[in-house]
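Residue-level listing of the chains:
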Amino acid sequence: DAGVIQSPRHEVTEMGQEVTLRCKPISGHDYLFWYRQTMMRGLELLIYFNNNVPIDDSGMPEDRFSAKMPNASFSTLKIQPSEPRDSAVYFCASSLSNTIYFGEGSWLTVV
Amino acid sequence: GDSVTQMEGPVTLSEEAFLTINCTYTATGYPSLFWYVQYPGEGLQLLLKATKADDKGSNKGFEATYRKETTSFHLEKGSVQVSDSAVYFCALRQVDSSYKLIFGSGTRLLVRP
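Residue numbers (this note's numbering), protein chains in the order written: chain A, 1 to 111; chain B, 1 to 113.
Just so you know, these hints were derived from the structure itself, not from any lab. Check each hint, because a few of them may be wrong.
Stated by the list, open to error - Ranges between beta-carbon positions, derived for each pair:
id	chain 1	residue 1	chain 2	residue 2	range
1	A	E18	B	L13	36 to 46 Å
2	A	P70	B	L13	17 to 27 Å
3	B	G61	A	M40	30 to 40 Å
4	A	V111	B	F18	38 to 48 Å
5	B	Y39	A	T38	40 to 50 Å
6	A	G3	B	D96	39 to 49 Å
7	A	Q17	B	T51	36 to 46 Å
8	A	S73	B	G41	21 to 31 Å
9	B	G61	A	Q17	44 to 54 Å
10	A	M15	B	P40	19 to 29 Å
11	A	M40	B	T51	29 to 39 Å
12	A	M39	B	S58	26 to 36 Å
13	A	M15	B	T28	34 to 44 Å
Unchecked claim - Non-contacting residues of chain B with respect to chain A, defined by C-beta distances greater than 12 Å in every case (computed):
id	residue
14	A27
15	A53
16	S58
17	G61
18	S72
19	S79
20	K100
21	P113
No residue lacks a Cβ here, since even glycine has one placed at the ideal position from N, Cα and C.
The shape of chain B in the complex, shown without the other chains (with noise of 0.2 Å):
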């Protein structure tokens, strides 16, 4: 079935730092990829998505690229601040019958002042 890996965490960096979070997928056809956020104590919020091949999605600094040819989807972001902080989920999302939204395990980012 259809399964997305993350790198493990926790990732953490001095502030603005290079980040990248490597996100691969499995997948049969052509999902759509999301990056959520949750922060302490808080829901997951939408960061950015892609919904076909070679689509760069990007929000607040960060960026992804939907890679078919390697089935990826890395996050990254040139200059990180203390702020971005959080556990990062990477996505699919089938656009078929089933509509389910399948999460990666999540990446914590600590980011030291």
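Excised from the complex, chain A in its bound form (with noise of 0.2 Å):
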């Protein structure tokens, strides 16, 4: 059974510009979250969502952020515009029951 998908694994843009990471969870999981990862600050859950919805989005640093789940096998995570500290690794993960599985993650740079 394939993983947790994420596309595109490396990302290199220029400050100002639209990012656009996509996920394939696992499919029949339920629960869809998207985490960033910096030295700084460690993991960090920006949002997650439950049967396509999104159930707690306190995490997403500031509206320059948006997730959308249009259905239960594909999410975005969209950066407009970027800046240079949105530089990160974004990981997407999928769950069903009690156990987390993540992707291999978008190695996002943003200059």
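Fit chain to chain and form the complex, with the hints in mind.
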């Protein structure tokens, strides 16, 4: 069974550009999570969905960040406009029961 | 609120040494506890878990026991290998309406041949 699939794996973009990160959760999972990892702040939960509905977006840093889950097999995290401080690894994760499974991450660099 | 505290790294060991990475937590109720491992350039992989007091999770030679009386979930391995070099994250999850996974800060392990 394929795990959580994220794209792109690596992205380098210029400040001010729009960035869209994509995620395909494990089939059948009803929870989807977006995390951000930086050296300074470690792993932070940005937002999570249950059955495609956003449940808690209190971790989203500011209005430049938005996330959607139009169906059970796809989610996006968008940053517009991007800033250098957004450089990080963004992880998508999904779960059905007690265990959360992570994708391999999208490594974002904003220059 | 709920939180997880891990020992500071990096931890540097020689191959075949005994490993302990300390993890303590603060939480209400009875959370589930997890250890995740992150190898360089990769995502987080579930290493082991325990869902109730006195449960022992184990995988790939690693073990951790859910100790409610000391609110701890220390990771141990009897004989580490160079391939175990990675960052290890302790985490808890409340099985309530939130289902959020709360991570510790991570402990980097470096095993030398």
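Okay, the hints, checked on the actual structure:
1. E18/A - L13/B: 36 to 46 Å: 45 Å, holds
2. P70/A - L13/B: 17 to 27 Å: Between P70/A and L13/B, where Cβ atoms are some 47 Å apart, the hint is violated.
3. G61/B - M40/A: 30 to 40 Å: Holds - the Cβ-Cβ distance for G61/B and M40/A, about 32 Å, lies within 30 to 40 Å.
4. V111/A - F18/B: 38 to 48 Å: About 44 Å separates the Cβ atoms of V111/A and F18/B, which means 38 to 48 Å holds.
5. Y39/B - T38/A: 40 to 50 Å: 18 Å, violated
6. G3/A - D96/B: 39 to 49 Å: 26 Å, violated
7. Q17/A - T51/B: 36 to 46 Å: At 43 Å between Cβs, range holds.
8. S73/A - G41/B: 21 to 31 Å: 26 Å, holds
9. G61/B - Q17/A: 44 to 54 Å: Roughly 45 Å apart at Cβ, these two residues keep to the hinted range, so it holds.
10. M15/A - P40/B: 19 to 29 Å: Holds: the Cβ-Cβ distance is about 27 Å, inside 19 to 29 Å.
11. M40/A - T51/B: 29 to 39 Å: 32 Å, holds
12. M39/A - S58/B: 26 to 36 Å: 31 Å, holds
13. M15/A - T28/B: 34 to 44 Å: With Cβ atoms ~42 Å apart, the hint holds.
14. A27: 15 Å, holds
15. A53: A53/B is indeed farther than 12 Å from all Cβ atoms of chain A, at 15 Å.
16. S58: 15 Å, holds
17. G61: Answer for G61/B: holds, closest chain A Cβ roughly 20 Å.
18. S72: S72/B clear of chain A: closest Cβ-Cβ about 20 Å, beyond 12 Å.
19. S79: The assertion about S79/B holds, with a minimum of 27 Å to chain A.
20. K100: 6 Å, violated
21. P113: 27 Å, holds
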